[in-house]
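Chains as they are written, first to last, in the numbering used here: chain A, 1 to 390; chain B, 1 to 366.
Hints may be right or wrong, so weigh each one.
Said to hold, decoys possible - With a Cα cut of at most 35 Å, we get these calculated DSBU-like pairs of lysine-lysine:
hint : chain 1 : residue 1 : chain 2 : residue 2
1    : B       : Lys258    : B       : Lys285
2    : B       : Lys258    : A       : Lys384
3    : B       : Lys285    : A       : Lys328
4    : A       : Lys383    : A       : Lys206
5    : A       : Lys383    : A       : Lys328
6    : A       : Lys205    : A       : Lys383
7    : A       : Lys384    : A       : Lys206
8    : A       : Lys328    : B       : Lys85
9    : B       : Lys358    : B       : Lys285
10   : A       : Lys384    : A       : Lys201
11   : B       : Lys285    : A       : Lys383
12   : B       : Lys258    : A       : Lys383
13   : A       : Lys383    : B       : Lys191
14   : B       : Lys85     : A       : Lys165
15   : A       : Lys328    : B       : Lys229
16   : B       : Lys258    : B       : Lys121
17   : B       : Lys121    : B       : Lys191
18   : B       : Lys85     : B       : Lys67
19   : A       : Lys165    : A       : Lys328
20   : B       : Lys121    : B       : Lys358
21   : B       : Lys67     : A       : Lys243
22   : A       : Lys384    : B       : Lys285
23   : A       : Lys384    : A       : Lys205
24   : A       : Lys328    : B       : Lys191
25   : A       : Lys202    : A       : Lys383
26   : B       : Lys191    : A       : Lys384
27   : B       : Lys67     : A       : Lys165
Unchecked claim - One-sided excerpt, in silico: chain A residues whose CB lies under 8 Å from chain B:
hint : residue
28   : Phe22
29   : Asn40
30   : Leu41
31   : Asn44
32   : Ser113
33   : Leu117
34   : Lys328
35   : Ala335
36   : Ile357
37   : Tyr367
38   : Ser371
To be clear, the hints were calculated from the coordinates, so they are not data collected in a lab. All of these numbers come straight from a predicted model, not from anything done at the bench. Glycine is no exception: its CB is placed at the ideal position from the N, C-alpha and C atoms.
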Amino acid sequence: MNEKTTTNTSFFNDAGNRALLFQTLLLIAVMAVGYYLFHNLQANLQTQGISTGFSFLNEPAGFPILIHLIEYTEANSYGRAFVVALLNTIVISLMGIVLATIIGVIMGLARLSQNWLVARLATVYIETLRNIPLLLQMFFWYFAVLAALPHPRNSIIFGDFLLNKRGIYSPNPSFQDGIGIAVAAFFIAVAGAIALIVWAKKRQKKTGVWFPAYWTSIAIILVGTILGFVIAGFPVEFELPQKSRFNVSGGMVLVPEFVAVLVALSTYTGAFIAEIVRAGILSVNWGQTEAARSLGLRDSLTQRLIVLPQALRVIIPPLTSQFLNLAKNSSLGAAIAYPELVAVVMGTTLNQTGQAIETIGLCMLVYGSLSLSISFFMNWYNKKMSLIER
Amino acid sequence: MTIEFKPSPSLPPPQSSVGAVAWIRKNFFSSPLNIALTLFSLYILYLLLPPMVQWALIDATWQGTSKAACTAGGACWAFIGVYFKQFMYGLYPAAETWRVNLALILLILLVAMYAVKAIHKGLLTAVILLVYPVVAFILFAGGMFGLESVETTNWGGLFLTTLLGVVGIVASLPLGVLLALGRRSDMPIVKSVCVVFIETIRAVPLITILFMASVMIPLFLPDGLNFNKLLRVLIGITLFSAAYMAEVIRGGLQAIPKGQYEAADAMGLTYWQSMTLVILPQALKLVIPGIVNTFIGLFKDTTLVYIVGMFDLLGRIQAANHDANWLGTTTEGYAFAGFVYWAICFGMSRYSMAVERKLDTGHKRN
Numbered sequence: 001m002n003e004k005t006t007t008n009t010s011f012f013n014d015a016g017n018r019a020l021l022f023q024t025l026l027l028i029a030v031m032a033v034g035y036y037l038f039h040n041l042q043a044n045l046q047t048q049g050i051s052t053g054f055s056f057l058n059e060p061a062g063f064p065i066l067i068h069l070i071e072y073t074e075a076n077s078y079g080r081a082f083v084v085a086l087l088n089t090i091v092i093s094l095m096g097i098v099l100a101t102i103i104g105v106i107m108g109l110a111r112l113s114q115n116w117l118v119a120r121l122a123t124v125y126i127e128t129l130r131n132i133p134l135l136l137q138m139f140f141w142y143f144a145v146l147a148a149l150p151h152p153r154n155s156i157i158f159g160d161f162l163l164n165k166r167g168i169y170s171p172n173p174s175f176q177d178g179i180g181i182a183v184a185a186f187f188i189a190v191a192g193a194i195a196l197i198v199w200a201k202k203r204q205k206k207t208g209v210w211f212p213a214y215w216t217s218i219a220i221i222l223v224g225t226i227l228g229f230v231i232a233g234f235p236v237e238f239e240l241p242q243k244s245r246f247n248v249s250g251g252m253v254l255v256p257e258f259v260a261v262l263v264a265l266s267t268y269t270g271a272f273i274a275e276i277v278r279a280g281i282l283s284v285n286w287g288q289t290e291a292a293r294s295l296g297l298r299d300s301l302t303q304r305l306i307v308l309p310q311a312l313r314v315i316i317p318p319l320t321s322q323f324l325n326l327a328k329n330s331s332l333g334a335a336i337a338y339p340e341l342v343a344v345v346m347g348t349t350l351n352q353t354g355q356a357i358e359t360i361g362l363c364m365l366v367y368g369s370l371s372l373s374i375s376f377f378m379n380w381y382n383k384k385m386s387l388i389e390r
Numbered sequence: 001m002t003i004e005f006k007p008s009p010s011l012p013p014p015q016s017s018v019g020a021v022a023w024i025r026k027n028f029f030s031s032p033l034n035i036a037l038t039l040f041s042l043y044i045l046y047l048l049l050p051p052m053v054q055w056a057l058i059d060a061t062w063q064g065t066s067k068a069a070c071t072a073g074g075a076c077w078a079f080i081g082v083y084f085k086q087f088m089y090g091l092y093p094a095a096e097t098w099r100v101n102l103a104l105i106l107l108i109l110l111v112a113m114y115a116v117k118a119i120h121k122g123l124l125t126a127v128i129l130l131v132y133p134v135v136a137f138i139l140f141a142g143g144m145f146g147l148e149s150v151e152t153t154n155w156g157g158l159f160l161t162t163l164l165g166v167v168g169i170v171a172s173l174p175l176g177v178l179l180a181l182g183r184r185s186d187m188p189i190v191k192s193v194c195v196v197f198i199e200t201i202r203a204v205p206l207i208t209i210l211f212m213a214s215v216m217i218p219l220f221l222p223d224g225l226n227f228n229k230l231l232r233v234l235i236g237i238t239l240f241s242a243a244y245m246a247e248v249i250r251g252g253l254q255a256i257p258k259g260q261y262e263a264a265d266a267m268g269l270t271y272w273q274s275m276t277l278v279i280l281p282q283a284l285k286l287v288i289p290g291i292v293n294t295f296i297g298l299f300k301d302t303t304l305v306y307i308v309g310m311f312d313l314l315g316r317i318q319a320a321n322h323d324a325n326w327l328g329t330t331t332e333g334y335a336f337a338g339f340v341y342w343a344i345c346f347g348m349s350r351y352s353m354a355v356e357r358k359l360d361t362g363h364k365r366n
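Kindly generate the complete structure, drawing on both the sequences and the hints.
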């Protein structure tokens, strides 16, 4: 039988041979194109007199960066500017993820609300923000809302907070001697709370006796920390923002670039997360809720113990991709001069040094690893939450 | 003699469980929490709605030629009126805008012919995909048949946005299908080439790809050979959304039961026959929502071309905001652009729902 098929099919009609031939051709084509591009690149770089390599990272950058978490001046190197920008990207991504998740959960639950008005309001929010480009929303917050705030001289005042064109000013805490005692008290309280939760779970598994561990642990942390502060004699001083004639001095400031990017990113992504949360909750069969009720569980317990764990399994994978989108979308901050990775490295550094390959490559590498680490973490969490099957 | 059993007629439901009053009670005041939510929502509406209506409609100025005409204190829609041509066509010469309109009308006519089934479907598809782009390009760029030549740098506004969106959508779908099939292929080299391409693109933001298209591509081409920036950006956008499209379509391919593949093989269909006749029609139908979501994402992402120096609708509005004669009309510009984008994207999502319902053959497992 086998003999017969081999004699009857010609060389080119054999599936295996064809696959081999096709793949060889593809490989040759990819390599040829790659070589051609590389060859052109070398020739072009030579004629334009651009040296390759990352040695430019050690040269002085010579440009200021508005927001820097670590010490940075114009005299610092491009390498340091890169680190500053990277930190800015990470900070805005993490804060955005937290805020967007909170907004998303609230809006998703609101859209499922029994209350007609609440559900309609949430629907309007979601459908409006989802269908308008993020860049437009960022421009709106930055150029239309925050730029329309009053001049520093007419700042809007809420208690110790000031609000004006230059940003949001808040009291700046500075820590005095003895803060160590307060911090230590906080960590001891947290450790005690964790121990309590572990003990309560163990006891409930063994004896079935329930203990309100979560509420107690919150109380322990609060009381412990406050006690620590009292013992240390309140080792914190607040430097209040002072309004002078033309400017505000002192205090901590959130610049409008940061606020605009954060607000736009979290409200936009929040609208997508809301839909994911809603779909996740709807995916849990109504029978589950009925079964929980017939077991005599309260409504809040039904939600927490029955519906939510099952909904989370549906929610987590798409939530991961929303987090990834948010991290990648933080690059749009470049358009309103928030000094994140794209603005600093692919904008200013590229313009000043002309190292297109290196700067763009560096950015792609960073975003690649950022995406990988977020998806790695979420995959771990997903595995932890997923159904353990026999 | 038989006694017939006659049930007495059912009583009407109690007054408190039907009608408007019951609906209001159930939806707004069923519990203390519900009452609080209702009051809170009403308060938010009260805070937002009246000032918005006042600003956008009652106090608005609709006509005028300069900022001085806007004295009512509300929205200055006259700004949109004055700049309307620029928002639509960018810097396309005013005398030549009929060419853009004509191309749009032609496209609408061709698509409408699908609906009424005027000519053979295959022929129509061929016309739309092969003949129409050439005609449209000649109309847009000019330089032949006595049409005045218009540089692509002058293309802008909603025209450019639509162009980027439509070309990106039409080109990324087939590319995405090929990539998805490649990723599911048994051939290791084909598979790895597709995986590397898809995952690399999906890991980076669109901005880096656009920067690559506008800054890096010229470095990779031999001296003297260079092509238009618009084309480079188009290639960037298409490759970007093709990678996302590929993942959506892969989801559809994976959802098709193995029996379908085996049945197609058993009937003696070749690989391409079984894909185009059996697998893809089912797989694509399954993932229509995902495909349209990718389209909507692509359309919204076209705004990023502003960052690499092209003036689409959002770019033209940014430029108009810098006009010294119209300072303080930024909100109006963004509101207008927001409405245009919203209408198009929302329309697309509703249309996809309608298509989904139409193609639903009821084979879904419930």
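Consistency of the hints with the structure:
1. Restraint check for Lys258 of chain B and Lys285 of chain B: satisfied, since their Cα atoms lie roughly 17 Å apart, inside the 35 Å limit.
2. Restraint check: the Cα-Cα separation between Lys258 of chain B and Lys384 of chain A comes to about 30 Å, which is no more than 35 Å; the hinted pair holds.
3. Of the pairs offered as hints, the one joining Lys285 of chain B and Lys328 of chain A holds, with about 30 Å between alpha carbons and a cut-off of 35 Å not exceeded.
4. Taking the CA atoms of Lys383 of chain A and Lys206 of chain A, the gap is near 26 Å; set against the 35 Å cutoff, the hint holds.
5. Annotation: proposed proximity of Lys383 of chain A to Lys328 of chain A holds, straight-line Cα distance about 24 Å (limit 35 Å).
6. A hinted pair counts as satisfied when its Cα atoms are at most 35 Å apart, and Lys205 of chain A with Lys383 of chain A qualifies at roughly 23 Å.
7. Straight-line distance between C-alpha atoms of Lys384 of chain A and Lys206 of chain A comes to about 23 Å, which keeps the hinted pair within the 35 Å bound.
8. Proposed proximity of Lys328 of chain A and Lys85 of chain B is supported: the alpha carbons are some 34 Å apart, at most 35 Å.
9. Restraint check: the Cα-Cα separation between Lys358 of chain B and Lys285 of chain B comes to about 11 Å, which is no more than 35 Å; the hinted pair holds.
10. The straight-line distance between the Cα atoms of Lys384 of chain A and Lys201 of chain A is roughly 18 Å, inside the 35 Å bound, and the hint therefore holds.
11. Proximity of Lys285 of chain B to Lys383 of chain A is assessed by CA-CA distance (about 30 Å); at most 35 Å being required, the pair is judged to hold.
12. Between Lys258 of chain B and Lys383 of chain A, the direct Cα distance comes to roughly 26 Å. Compliance with the 35 Å bound is thereby established for this hinted pair.
13. Annotation: proposed proximity of Lys383 of chain A to Lys191 of chain B holds, straight-line Cα distance about 26 Å (limit 35 Å).
14. Under the criterion of a C-alpha separation no larger than 35 Å, the hint pairing Lys85 of chain B with Lys165 of chain A is consistent with the structure, at around 33 Å.
15. Only pairs whose Cα atoms come within 35 Å are accepted, and Lys328 of chain A paired with Lys229 of chain B is accepted, the gap being roughly 24 Å.
16. As the CA atoms of Lys258 of chain B and Lys121 of chain B are separated by approximately 31 Å, the hinted pair is consistent with the 35 Å bound.
17. For a cut-off of 35 Å, the pair hint linking Lys121 of chain B to Lys191 of chain B stands: about 33 Å separates their Cα positions.
18. Of the supplied pair hints, the one linking Lys85 of chain B and Lys67 of chain B holds, its CA atoms being roughly 18 Å apart against a limit of 35 Å.
19. Proximity of Lys165 of chain A to Lys328 of chain A is assessed by CA-CA distance (about 28 Å); at most 35 Å being required, the pair is judged to hold.
20. Of the pairs offered as hints, the one joining Lys121 of chain B and Lys358 of chain B holds, with about 18 Å between alpha carbons and a cut-off of 35 Å not exceeded.
21. A threshold of 35 Å between alpha carbons decides the hint, and for Lys67 of chain B with Lys243 of chain A the separation of about 33 Å falls inside it, so the pair holds.
22. Taken as a hint, the Lys384 of chain A and Lys285 of chain B pair is honoured in the structure, with Cα atoms around 33 Å apart against an allowance of 35 Å.
23. With a C-alpha separation of about 20 Å, the suggested pair Lys384 of chain A and Lys205 of chain A falls inside the 35 Å cut-off, and the hint holds.
24. Taking the CA atoms of Lys328 of chain A and Lys191 of chain B, the gap is near 26 Å; set against the 35 Å cutoff, the hint holds.
25. Our distance criterion of 35 Å between C-alpha atoms is met by Lys202 of chain A and Lys383 of chain A, whose separation comes to about 23 Å.
26. With a C-alpha separation of about 30 Å, the suggested pair Lys191 of chain B and Lys384 of chain A falls inside the 35 Å cut-off, and the hint holds.
27. Distance hint between Lys67 of chain B and Lys165 of chain A is fulfilled; the C-alpha atoms sit about 23 Å from each other, no more than 35 Å.
28. A cut of 8 Å between beta carbons decides the hint on Phe22 of chain A: the least distance to chain B is about 7 Å, and the hint holds.
29. Nearest Cβ of chain B to the Cβ of Asn40 of chain A: about 5 Å, under the 8 Å cut. The hint holds.
30. The beta carbon of Leu41 of chain A comes within 5 Å of a beta carbon in chain B, closer than 8 Å, and the hint placing it at the interface holds.
31. For Asn44 of chain A, the suggested interface contact is upheld, since its CB lies about 5 Å from the closest CB of chain B, less than 8 Å.
32. A distance limit of 8 Å between C-beta atoms decides the matter here; for Ser113 of chain A the minimum to chain B is near 7 Å, and the interface restraint holds.
33. About 4 Å separates the beta-carbon of Leu117 of chain A from the nearest beta-carbon of chain B, less than 8 Å, and the hint is met.
34. Annotation: interface hint on Lys328 of chain A holds; nearest CB of chain B at approximately 4 Å, less than 8 Å.
35. The beta carbon of Ala335 of chain A comes within 5 Å of a beta carbon in chain B, closer than 8 Å, and the hint placing it at the interface holds.
36. With a least beta-carbon distance of about 7 Å to chain B, the hint placing Ile357 of chain A at the interface is held under the 8 Å criterion.
37. Taken as an interface hint, Tyr367 of chain A checks out: its beta carbon lies about 5 Å from the nearest beta carbon of chain B, inside 8 Å.
38. The interface hint given for Ser371 of chain A is met, as the beta carbon of that residue sits about 5 Å from the closest beta carbon of chain B, less than 8 Å.
When each numbered hint is compared with the structure, no violation occurs for any of them.
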